[in-house]
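Chemist: Model the full assembly from the supplied sequences, consistent with the hints where possible.
Numbering of the sequence shown is given in the working numbering, commencing with residue 43 and proceeding in unit increments.
Don't take every hint at face value.
Stated by the list, open to error - Using C-beta positions, here's what the derived DEER-type ranges look like:
1. GLY526 x GLY293: 43 to 51 Å
2. ALA218 x ALA267: 19 to 27 Å
3. PRO172 x THR540: 54 to 62 Å
4. ARG588 x ASP795: 39 to 47 Å
5. GLY467 x GLY334: 37 to 45 Å
6. HIS536 x ASP795: 32 to 40 Å
7. HIS536 x VAL162: 51 to 59 Å
8. ARG827 x GLU497: 25 to 33 Å
9. ASP795 x ARG500: 15 to 23 Å
10. GLY334 x ASP782: 28 to 36 Å
11. ARG500 x ASN607: 35 to 43 Å
These are calculated hints, taken from the structure and not from any lab test. Positions of the beta carbon are idealized from the N, C-alpha and C atoms, including for glycine.
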Amino acid sequence: MDAHPSCTRPAPVLHLPPRSACVPPGRPRPVRIVKPGVVLMPIPVRPFILFLLAGALALPVEAQTFRALDGEAAAEIPINARTGYGSSLAVSGDRVFVGEGGTALRPGAVHVLTRGSDGVWAASERLQSPDEEIADSFGRALAAGAHEGTTWLLVGAPERNRAYLFRASTGQGAGAWELAHTLSPDEDADGFGAAVALDAERGVLAVGADDAGAVHLFRVGADGAVNRVTGLTPAEASDDATFGGALLLAGDRLYVGAPGDREGAGSVSVFRSGADSWDLVTTIHPQGSQPGDRFGSSLAADGTRIVAGAPGSRGAGAALLFQAATSGLTYNLVGSLVAYDGRPGQNFGAAVSVSGDETWVASAGALHRFHRDGQFYTSSARVALDTPGRGMAPGGAVALHGDVAVLGLPGAAQGAGGVALMERGDDGAWTQAAVLTAEAEVLPRIVTGETLPCEDGRVGQFFSCSNVEILSFLPISDIGGEEGIRLNDTWGWHDEETGREVVLVGRTNGVAFVDITNPNNPVYVGQVLKTEGSPNAAWRDFKVYRDHAFIVADASGEHGMQVFNLRRLDEFDGEPLTFEPDYTYRRIHSAHNIGLNEDTGVLYIVGASQGGETCGGGLHMVDANDPQNPAFLGCFADPRTGRTGTGYSHDVQCVTYRGPDERYTGREICMGSNETHLSVADVTDKSNPVAVSIASYPNVGYVHQGWFDEDHHYFYMQDELALMQGLIDNTRTIIFDASDLEDPQVVGEFFFDTRAVSHNLYIRDNLMFEANYSSGLRILDITDRENPVEVGWIDTAPTHAAEPMFEGAWSTYPWFRNGVVSVSSIGEGLFLVRFADPRPVS
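Modeler: What follows is the structure, encoded as structure tokens:
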């Protein structure tokens, strides 16, 4: 009998030998009770309490990753929460606190959530630093507690080396919060505010400075005055121990996590308060721990025990439980919580929270709930939310208090972040009460009527640059994109009759048209939406011929190739229009890309799939000379290329050849970027196309896209995955000498000083324009064809580091008048820029 599908994802349990059978959901699962004293895990400590966890399987929860925006088999990359909303959480009484301390374009904040008289949770207040500034990290760490009618909230802002103490009367509504004190260290303490803890009853505040490796203690007096008591440093720890990275105040003790200690094995130091000092009791180093365990990354109190997260333990993570010995001077390991389906990189134990008999442990893309009956944990479940969709998997942060739980959703709202609130009923069952998401950070519109120069490495408020000026910028919302819509391709149309110029911008749900005749004052004219019935597409591509746009989309079912007469943009009368395509070519369904030879009017659809004449994913050739009656001409595919041996082509440039190889002068040559190889084909005779050659280069990851120089002598190529797969260390462009089309040779590789993924490049005269994801637009002078020189750049995604990810500049079009260049940036919008050439005119 086949196993139930859910049995492929067992519920998290303690580290035990594999079960002999899987019990599907809906069938009772026995809970074994393990007697104290029985060793179940290979840790050289004799536990006096051991736990077994078993329980009904929860529904699978989507991991916090997204499919690569390009590259057929690209590795999944974590979505980066842009605002930090939900990465720090606290609960006290009837208030939930949500930190938003990772903002890059606005000040950080703490959102106070309360439950209304109708039982609905909503944000009631927004707290910010009294000296707020953009990206001030306010809200990076939170701690809350209540005592004698007052609720206290401690907020960390480690980039400012500050912490802020707020107070409000318990039960009061909006506007009741006031700043009680701004805390700062007496001396330099980098990272002050990275972690915070408070004991409202005893009036004790702890603030970690993990960069400096110190913890600062403060006390709130009866009169409300806040005074610094002392600073604590580890007895022995390395410089990168991150001492103070996690804090817990419990009774008269302070627990300080140092997850970077001992080459990342981690440690937890225990301090006890005296009459006028805090003294070190012991430092916990779990026996058998290994570098990379990161023990002490998170801390919580479970009655008389502490729970310490070790998210790197055995590659998957664990939460270790310790209890003080009778003397109170040492701590014994009494058990370990792990995910039964643990996998490398899961980060189980990244956050822990305890309330009563419940312990919740967060990991990457999942949250596990453990139930304790007395001294024994007897069951577990994987928390599943009622709200489906990408980014709606919990992970990274959790806070419990009484019958309220709040979970971080780091991938919600396109990575801006979100939280889910859950409530426990009288029957002990937890149900979802609400989901709230962050307001995404949006770069402000730049349409001033003037050009913004690049000065001192900056252009405008947010963009770093070198020799590139901004003519204008339109965020996605200004070109018809609703929430959740992202960009992909860009191309251009030159109206030979009127002289106007129009940018075509690919969106996940269609194509936008922007009139840039005055590039300092662009006008959004309208859109053609995706074919009815097709899904949104991360991949949309188009070319322009004879005043028509030819549009394809990948992974889009029966989308076909849309044909749109661009002269219909004349219908624009001031309000953006939605146009229907003039014709839809149905011989293909989905396609990844489309090439064009403007000399012959032949389109080359590549990467076709999901039905129709796919041509093995190779060249599907179409005569577009009668634009609204395109005619199929034939197929070409070289089975020596492509990952599946079908000749799949990811991108292609086809030209009427006029390069140095005289054997092919005047022939129609296609240069295919075919996943595994460069494919050179002579397609002059569409009924009998010929494979001329294939070529490779060092450290192939994914042959993505390329373009000829103006002389058809050199071909420059991008590889999308080599850097992500660790085959190279920096962004790279490969240089082929194609003077012999039957044997192209690699003559060089240009390496940038960034680690962004390379994507699309185009060449105009002696300049190469590269859209390289998180490092933005890069410009190379290729006057010396084999020795390019970087001469300009602009970072179009300032909220992302120039590291491997699929965010930022997707594509560029450099053939507008007066040096105007369009750049489509995936999550940002449309940039119109120009290279400000600093070189003297010869």
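Chemist: Has the hinted range 51 to 59 Å been met by the Cβ atoms of HIS536 and VAL162?
Modeler: holds (54 Å)
Chemist: So the hint says 15 to 23 Å: do the beta-carbon atoms of ASP795 and ARG500 match that?
Modeler: Holds, at about 18 Å.
Chemist: Check the following: the C-beta atoms of GLY334 and ASP782 are separated by a distance inside 28 to 36 Å.
Modeler: Given a distance of about 50 Å, which is not inside 28 to 36 Å, the answer is violated.
Chemist: Does the Cβ pair PRO172, THR540 satisfy 54 to 62 Å?
Modeler: Given range 54 to 62 Å: holds, Cβ gap about 55 Å.
Chemist: So the hint says 25 to 33 Å: do the beta-carbon atoms of ARG827 and GLU497 match that?
Modeler: holds (32 Å)
Chemist: Please check whether HIS536 and ASP795 have a Cβ separation lying inside 32 to 40 Å.
Modeler: holds (35 Å)
Chemist: Between GLY467 and GLY334, is the Cβ distance one that fits in 37 to 45 Å?
Modeler: holds (40 Å)
Chemist: Do the beta carbons of ARG500 and ASN607 sit within 35 to 43 Å of each other?
Modeler: Holds, at about 42 Å.
Chemist: Is the distance from the Cβ of GLY526 to the Cβ of GLY293 consistent with 43 to 51 Å?
Modeler: Roughly 47 Å apart at Cβ, these two residues keep to the hinted range, so it holds.
Chemist: Cβ-Cβ distance between ALA218 and ALA267: within 19 to 27 Å?
Modeler: holds (21 Å)
Chemist: Evaluate the given range 39 to 47 Å for the C-beta pair formed by ARG588 and ASP795.
Modeler: holds (42 Å)
Violated hints amount to a single one, hint 10; each of the other numbered hints is respected by the structure.
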